[in-house]
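Trainee: Make the full structure from the sequences, and use the hints.
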Amino acid sequence: MCDTLTFYKALSEPTRLISLLLLSQHGELCVCDLMEALALSQPKISRHLAELRKHQLVVGERRGKWVYYQLHPTLPEWMRGVLRTTAINNPSLLSSVTPVMQGNTACGHH
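At position 46 of the sequence shown the residue is numbered 45 (numbering that gives the first Met the number 0), and the sequence of numbers has no breaks.
Don't take every hint at face value.
Derived CB-CB ranges, DEER-like [as the list claims (entries may be wrong)]:
#  : residue 1 : residue 2 : range
1  : 8         : 84        : 12 to 20 Å
2  : 11        : 76        : 29 to 37 Å
3  : 62        : 11        : 28 to 36 Å
4  : 41        : 76        : 28 to 36 Å
5  : 87        : 63        : 32 to 40 Å
6  : 53        : 27        : 28 to 36 Å
7  : 54        : 26        : 13 to 21 Å
8  : 95        : 2         : 15 to 23 Å
9  : 7         : 72        : 30 to 38 Å
10 : 88        : 42        : 14 to 22 Å
11 : 3         : 40        : 25 to 33 Å
12 : 94        : 12        : 13 to 21 Å
13 : 25        : 76        : 16 to 24 Å
14 : 2         : 85        : 14 to 22 Å
None of these hints come from the bench; they were simulated from the model.
Positions of the beta carbon are idealized from the N, C-alpha and C atoms, including for glycine.
Mentor: So, in structure tokens, the structure goes:
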């Protein structure tokens with residue numbers, strides 16, 4: 000399980016913060032969703048997700064060509080609450096990515 004310091008350290012990196020906020024809001028996202036939302040390459044997104052996975056903040060499941068991520072099922076409720084509160088009280092964090100999450104994605108799986 001992720002400890003408190005590791006959790007806040009993950010939130011201090013913008014790509015990981017936005018990824019966790021998006022997963023908190025959307026439940027499950029494909030790597031391609033995060034690539035499109037954050038305008039980053041697959042290797043960069045995957046590197047950040049690997050770090051989040053290592054600390055048990057997220058879990059991934061391969062389905063065909065893509066890996067789908069969600070918050071780790073054992074993530075404590077207080078951590079989930081921090082993510083929800085952060086998203087609600089800081090709408091500017093997601094304002095540039097939220098429109099991307101409304102429709103089809105680059106991989107065409109939706």
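Trainee: Take the hints in turn and mark each one as holding or not.
Mentor: A quick look at each hint next to the structure:
no., hint, verdict
1, 8 / 84: 12 to 20 Å, "holds (18 Å)"
2, 11 / 76: 29 to 37 Å, "violated (21 Å)"
3, 62 / 11: 28 to 36 Å, "holds (31 Å)"
4, 41 / 76: 28 to 36 Å, "holds (32 Å)"
5, 87 / 63: 32 to 40 Å, "holds (34 Å)"
6, 53 / 27: 28 to 36 Å, "violated (19 Å)"
7, 54 / 26: 13 to 21 Å, "holds (20 Å)"
8, 95 / 2: 15 to 23 Å, "violated (31 Å)"
9, 7 / 72: 30 to 38 Å, "violated (21 Å)"
10, 88 / 42: 14 to 22 Å, "violated (32 Å)"
11, 3 / 40: 25 to 33 Å, "holds (31 Å)"
12, 94 / 12: 13 to 21 Å, "holds (19 Å)"
13, 25 / 76: 16 to 24 Å, "holds (18 Å)"
14, 2 / 85: 14 to 22 Å, "holds (19 Å)"
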